[in-house]
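Q: For the record, the sequence lines run as chains A and B. According to the numbering used here, the first sequence is numbered sequentially starting from 1. According to the numbering used here, the second sequence is numbered sequentially starting from 1001.
Hints listed in this document are in silico derivations from the structure and should not be mistaken for laboratory results. Misleading hints may appear alongside valid ones.
[As the list claims (entries may be wrong)] Simulated pairs of lysine-lysine, DSSO-like, Cα-Cα distance not exceeding 30 Å:
id	chain 1	residue 1	chain 2	residue 2
1	A	400	B	1285
2	A	285	B	1400
3	A	337	B	1060
4	B	1285	B	1208
[Unchecked claim] Chain B regions said to be covered by chain A (calculated; three or more residues, Cβ under 8 Å):
id	stretch
5	1082-1092
6	1114-1127
7	1321-1327
8	1331-1345
9	1392-1399
Fair warning: this is a prediction, and the values are worked out from it, not measured in the lab. All C-beta atoms in this analysis are idealised placements derived from N, C-alpha and C, irrespective of residue type, glycine included.
The chain contents come next:
Number of protein chains: 2
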Amino acid sequence: MKVIEGGVTAAKGYEAAGVEAGIKYQNRKDMALVYSIAPCKVAGTFTTNVVKAAPVLWDKNIVDTAPFVQAVVVNSGIANACTGKQGMDACRAEAECAGNLLGIPAEAVLIGSTGVIGMQMPVERLTAGIEKLVAAKRPGAEAGLEAAKAIMTTDTVHKQVAVEFTVGGKKVIIGAMCKGSGMIHPNMCTMLAYVTTDAKISKEMLQKAVSRTVVDSFNMISVDGDTSTNDTMLVLANGLAENEEIAVENEDYLAFCEALDYVTKYLAKKMAGDGEGATALFETKVLHADTKENARILAKSVICSSLSKAAIFGHDCNFGRFLCALGYSGVQFDPDKVELFFEGGNKRIQVFGNGAPCKYSEEEATELLSSPEVTVYADMHMGEEEATAWGCDLSYDYVKINADYRS
Amino acid sequence: MKVIEGGVTAAKGYEAAGVEAGIKYQNRKDMALVYSIAPCKVAGTFTTNVVKAAPVLWDKNIVDTAPFVQAVVVNSGIANACTGKQGMDACRAEAECAGNLLGIPAEAVLIGSTGVIGMQMPVERLTAGIEKLVAAKRPGAEAGLEAAKAIMTTDTVHKQVAVEFTVGGKKVIIGAMCKGSGMIHPNMCTMLAYVTTDAKISKEMLQKAVSRTVVDSFNMISVDGDTSTNDTMLVLANGLAENEEIAVENEDYLAFCEALDYVTKYLAKKMAGDGEGATALFETKVLHADTKENARILAKSVICSSLSKAAIFGHDCNFGRFLCALGYSGVQFDPDKVELFFEGGNKRIQVFGNGAPCKYSEEEATELLSSPEVTVYADMHMGEEEATAWGCDLSYDYVKINADYRS
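Given these sequences and hints, build the entire structure.
A: Below you can see the structure in the form of structure tokens.
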């Protein structure tokens, strides 16, 4: 497997576009289209929030029932959540408009929205935007980049990745883009992530791979503990790589999963590091936990702790907060057995062990906590399982961004 | 029942003191003593965090096994958490020192600590402080106030309350003090709360009343979602009111519970409103939930949501975030049935109903969200249960306080 340039247009047969539609933002791209020249198998996972945005309901129905899909239309600015029947009507209008222009059924068009909750969609601006998108769609890296930029909200960088690997001698590509910066505490998957592949794979195996991959990627990140109403991850597979179809859990399936895992973990980390107001990526690795699930719970508890996040922002080796967050996670353990290490800028120090603080240089600690990527290791000494979670620090700018978000 | 002046020294037979011991802070009171002239029954609840501070372990053992207690020694500045055997030794040294000076067993001395986690206690300064405390202890409101101030850390105001009521014709008083501002997400009870009463009540009934009262008071507040290692609530009852002992769940017990509930809810709200960096008390009332437990979960989910808290700070009627927080709470409900109202400064507006945004004046919404106390009502239309939770907004100062806490 190797990492290659590009994103959603990297795999064979995919086109994309990003345009300015004036949905809510002015003078920036705010609508994106991903289109496959051939019908695609589709799999997805969606928010577990009881309050599901209209596009989530639309997509979920399509993933469950439609024989194939061929396009994804996404807008930023307004989330189309908490919008009732009017919101569902907006999704249908978008899908019908795109379907007509692309010559495919409305039920082959997936819809995504991200932005302010509780605001109705400007349907005329959406359909005008879709006309522009269909006119602008084209293959190539530039088009994929445009799309990745158009789905951003408070993101400071666009997020895309692509990998190449072989399945039975055939070259297969998985490309992807995502967005996410605030209201990030995915439970199933995060905000919006779109993965395209030319792999030939059965719908069942595709869904299995998707459900598997989110557990240790998107479900292991958090920016603010708020599980969005719009979380959506979709994978489109158009089969143009012409590999023998992956239809059972064989070696080919494992190769596909490995590549997909790389893509989702890469994007998950990107999203955490670009959390609203973040100045650092804050990674927690839990080692030697008794069960995999407990390892995940412990790691997530630490990266979700406001006090731990604030300590990272302040470059303050206040390790008690990290231990405290392990302690209230709900997992039982013996604090006297836990060892805590901080790592940053290729330096690592132990700060806690044998139930008491270790001797370390505060100066060195502050220096390594000033790195753009800080890792906390919690060695539980209970078993053989481990897990990694990703978050970010809590800064003034997080507050600023979210106190003013609508204005 | 009527509210009276004072705190831990309001009930008969209680003395207190607060002194400067230089534990970590300079030039401010940082040690407190509460002393009863007569032996007390004691009940308590403690943090559910797996990582329990040494004083929590010390107190828990005493509450479980000691025949009586007569004093509480508390310090601020250092939490004596994550300090291993050395931390337990410090507790014993404190209790022995206080016991010797007061002429009571070490096992009649409860210990409390709050402040930085992961730092060892300066035992000599502690015992010197205890000598000062014992010399300074006296009855009266001023002494109680001194104690309430000495236990503060990042609190901006001291927190105490007292109520008077009658049990079988006898006047009974419950007084209390607490501290708590950051690392507040109590699970059993919050940071440090000390309640004193002259009521005559059996240990069993006292513990029952304590376990009951925390559920809808301290357990319903959150500042930052971080359940502390030190959460402790203790109630001392010395029986000097000479009422007939409360030994069963009779009318007297209910009167005691009512008074205790007032005290704990009052302090819980105070603590939430004085959350680190808070500019407003943020209350959420969930109405017509299907079960009491679900009402509590829903209310707490909203006051814990970083995005909802930031919206309150920004006076931004971004109601979708509140609905989103209800949605990810884990409670099942039909979003189309929920009605959301915002209230502040005696004004109330509906912002969501029938599955869609309501028409309201943004100007009016901003005005009421600028009140020092904002209440969000979520009417679930599912049943007859309700619950209230208290939090605070998320401000720049929360980040500032916690990025620099140790320095």
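Q: None of the hints should be skipped; say for each whether it holds.
A: For each hint, the structure was consulted:
no.: 1; hint: A:400 / B:1285; verdict: holds (27 Å)
no.: 2; hint: A:285 / B:1400; verdict: holds (27 Å)
no.: 3; hint: A:337 / B:1060; verdict: holds (22 Å)
no.: 4; hint: B:1285 / B:1208; verdict: holds (26 Å)
no.: 5; hint: 1082-1092; verdict: holds (count 6)
no.: 6; hint: 1114-1127; verdict: holds (count 5)
no.: 7; hint: 1321-1327; verdict: holds (count 6)
no.: 8; hint: 1331-1345; verdict: holds (count 5)
no.: 9; hint: 1392-1399; verdict: holds (count 5)
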